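Taken in sequence, the protein lines are chains L and Z. In short: position in the first sequence from 1, add 29, done, that's the numbering used here. In short: position in the second sequence from 1, add 4, done, that's the numbering used here.
The hints are simulated quantities; they were obtained by calculation from the structure and are not laboratory data. Keep in mind the model is a prediction, meaning the values are calculated, not measured. Cβ atoms here follow ideal geometry from the backbone N, Cα and C, with glycine treated the same way. Possibly wrong hints are sitting among the right ones.
Claimed, not checked - Take a look, some chain L residues computed to stay more than 10 Å from chain Z by CB distance:
id, residue
1, F120
2, L129
3, A140
4, K146
5, V153
6, L157
7, L169
8, L274
9, R279
10, R280
11, V281
12, A293
To be verified - Derived lysine to aspartate or glutamate pairs resembling EDC-like cross-links, with alpha carbons at most 16 Å apart:
id, chain 1, residue 1, chain 2, residue 2
13, Z, K92, L, D105
14, Z, K75, Z, D221
15, Z, K285, Z, E70
16, Z, K176, Z, D142
17, Z, K121, Z, E364
18, L, K110, Z, D221
19, Z, K259, Z, D221
20, Z, K90, L, E230
21, Z, K360, L, E91
22, Z, K45, Z, D82
So the chains spell out like this:
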Amino acid sequence: MNSAVLSSRRSPTGAPQPSAARLSLPHARAWLMLAPVMVFLVVLASAAFVVIRMSLGTSGHEWHSFTLVNYANLLDPYFMKSLWLTLKLAFQSTVLAVLLGIPVALAMARAKSPIVKRLLLAGVLLPLLVNLLLQSYGWLIILGPSGLLNHALLAIGLVQQPVQWLYRPSGVLLGLVQTAFPLAVLPMSSAMKSVSQVYEEAAATLGASRFQTLRHVLLPIAMPGILSGSMLVFAYNASAFAVPLLLGGRRVPMLSLLVHDEVAPLLNWPAASAAGVVLMATTMSVTALSQILVQRSQRALWSK
Amino acid sequence: MKKFSTGRRQAFKTIGAALAASVVSAPFINVRAAQQQFAGKTLRLLTWSDDTGLAALRNIAATFTEKTGAKVVADRADGTSGMVAKLKAAGDRPQYDVITLAGVGASGLADAGLLAKPDLDRLPNLKDVPAQYRTGADGFGVGYLLWTDGLIYNTATMKAAPASYEVLWDPKYTGRIFLPPPEWAEAVDMAILAARMSGGSQQNIDPGFKKLAVLKDRILTLGENPNQIADLFRTKSLDVGGIYSPAFFPESIKKPEFNMGISYDMKEGFAAQLMFTVIPKSHPGDLDLIHAFINHSIDPLVQGKMAADVLNGPVNSKALVPVENRKYVPSAQQIAEKAVLHDDKSLATVHDAWIKRYTEIFS
Numbered sequence: 030m031n032s033a034v035l036s037s038r039r040s041p042t043g044a045p046q047p048s049a050a051r052l053s054l055p056h057a058r059a060w061l062m063l064a065p066v067m068v069f070l071v072v073l074a075s076a077a078f079v080v081i082r083m084s085l086g087t088s089g090h091e092w093h094s095f096t097l098v099n100y101a102n103l104l105d106p107y108f109m110k111s112l113w114l115t116l117k118l119a120f121q122s123t124v125l126a127v128l129l130g131i132p133v134a135l136a137m138a139r140a141k142s143p144i145v146k147r148l149l150l151a152g153v154l155l156p157l158l159v160n161l162l163l164q165s166y167g168w169l170i171i172l173g174p175s176g177l178l179n180h181a182l183l184a185i186g187l188v189q190q191p192v193q194w195l196y197r198p199s200g201v202l203l204g205l206v207q208t209a210f211p212l213a214v215l216p217m218s219s220a221m222k223s224v225s226q227v228y229e230e231a232a233a234t235l236g237a238s239r240f241q242t243l244r245h246v247l248l249p250i251a252m253p254g255i256l257s258g259s260m261l262v263f264a265y266n267a268s269a270f271a272v273p274l275l276l277g278g279r280r281v282p283m284l285s286l287l288v289h290d291e292v293a294p295l296l297n298w299p300a301a302s303a304a305g306v307v308l309m310a311t312t313m314s315v316t317a318l319s320q321i322l323v324q325r326s327q328r329a330l331w332s333k
Numbered sequence: 005m006k007k008f009s010t011g012r013r014q015a016f017k018t019i020g021a022a023l024a025a026s027v028v029s030a031p032f033i034n035v036r037a038a039q040q041q042f043a044g045k046t047l048r049l050l051t052w053s054d055d056t057g058l059a060a061l062r063n064i065a066a067t068f069t070e071k072t073g074a075k076v077v078a079d080r081a082d083g084t085s086g087m088v089a090k091l092k093a094a095g096d097r098p099q100y101d102v103i104t105l106a107g108v109g110a111s112g113l114a115d116a117g118l119l120a121k122p123d124l125d126r127l128p129n130l131k132d133v134p135a136q137y138r139t140g141a142d143g144f145g146v147g148y149l150l151w152t153d154g155l156i157y158n159t160a161t162m163k164a165a166p167a168s169y170e171v172l173w174d175p176k177y178t179g180r181i182f183l184p185p186p187e188w189a190e191a192v193d194m195a196i197l198a199a200r201m202s203g204g205s206q207q208n209i210d211p212g213f214k215k216l217a218v219l220k221d222r223i224l225t226l227g228e229n230p231n232q233i234a235d236l237f238r239t240k241s242l243d244v245g246g247i248y249s250p251a252f253f254p255e256s257i258k259k260p261e262f263n264m265g266i267s268y269d270m271k272e273g274f275a276a277q278l279m280f281t282v283i284p285k286s287h288p289g290d291l292d293l294i295h296a297f298i299n300h301s302i303d304p305l306v307q308g309k310m311a312a313d314v315l316n317g318p319v320n321s322k323a324l325v326p327v328e329n330r331k332y333v334p335s336a337q338q339i340a341e342k343a344v345l346h347d348d349k350s351l352a353t354v355h356d357a358w359i360k361r362y363t364e365i366f367s
């Protein structure tokens, strides 16, 4: 006989009361199921704490000293300019990726044919499936000084000398938009799919054009998904390393490259950690602020 | 004169030959016997994970095992900073017997008190290594390879190999030159070379950065990715650049379609950095084995193979570099006469500031 049953008691009203063990069993099971995830989260959180702790150390004495000098050093115009450039490029790439992604997301959400849906999905996912290094070579072949675009422009006489598309902020921006494009499209497509077509039909019945329906009905309702996509692109690109390295030719010093410099030749892990923490905190602040703004606009929308 | 019969003469000849052979071969037999003492022993090596590390495994570790019977267990790290991190993380626990790494890493580990000094008397091959390349990092490192940088030029667009770094400042190459990226040691050496060309030095670097600033709008890129650089030469988008090492693209530079040549014969000399083998203070293997391995790494034959494989300069002046690779590797005479080594120790104090200055000039 089950011990839980043996230990069951009767309430003062006479109704049988489940034992504490019986009550806690489902909870225990739930916690047990969550355990692997919790362990993983603890590891992730520990890594972040290690970085924070290291940012308070000094080079060579990472774990035995406490100082804020690494953060003070980040006030140097060299780092401030880099932080500004990083945020600027992350913001610009987010706006471009979202603007370019909206029609694609809409097409994915509203396409009826399963083949079209699959083709669109495959096309969007392509940047995630191809190695970043290969993608950068692709851009080199297209946009390089002897690339296809320059060949075409020279051939039709539009330019007399090859145009420098790469190794400039514009080249990096292009790479950031391309590599983060799926991150913008997928959440937006999912959000648009969940918007009932009844709203669009109602707007159309009231005489709204397709563009008006998109602007005043679909996009505001799908705003949480658009925000999710934007935040993913922003956070991904704020910490981008490979794209500015390969397409910027080290002439576009985003903060991640300066973090790398501190680690690789200078062996100054505390300084690198401090720069990493600042980048992380800035990105999180921007994300939180955007979420607050969108939540407010959503409340205003549904209270109308 | 007393005559010997043919039979007796033959017998004397045979005995004489046998005696001579035994005398001549005795040292080798003894050496062989001495080396056999390492059979069954294990040496733990930490090296790079790139082509240089693979070449070290092929040309140094494998031949050492073949020669001595010792087993070499290799671990590889992504760059010098990775090696330093691994050794620091290990602390007092014995993990590696020998590490091959760059000067900055060797100095960093020596300063942190993590290295043991090698006994140079147990490295007989050092006799053929010029004095300036024997040791470094306060005597904790033994030089085993010379990372050499010259000017890379386009064999299809330039008539002759450049003989001076002034070619980089020639306006006719505007938009068709490259420089090394700021965080590389090559950038440091480029700044020093520019300073020397303008009357400065490593200790008086300002003239060098001023001279480099002239190139701000003339360069196509900073060569962070060697494969991209090789491709830009292949497509004739670059004429010349550096300073850079052919070791970054040991395969491509040998292929004619990449149009790449390397010039070390510069009137200002060429930059070189000494690569080291070091012994961690806490090492699990025995010191005889460790010293035998380090000695083997500077053997003339091994040095020649390494130089040919990774296109670095050998430190052993008697290195036997295969003929077909000699045009990519500076000769012993060039190394002796023209190699310029920067001062790692004093660089450590200014490297951070120099990276910032270089980055700011070109960004």
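> Failing hints, ascending?
Replying inline: Hint check: 7, 8, 9, 10, 11, 12, 13, 14, 15, 16, 17, 18, 19, 20, 21, 22 fail, others pass.
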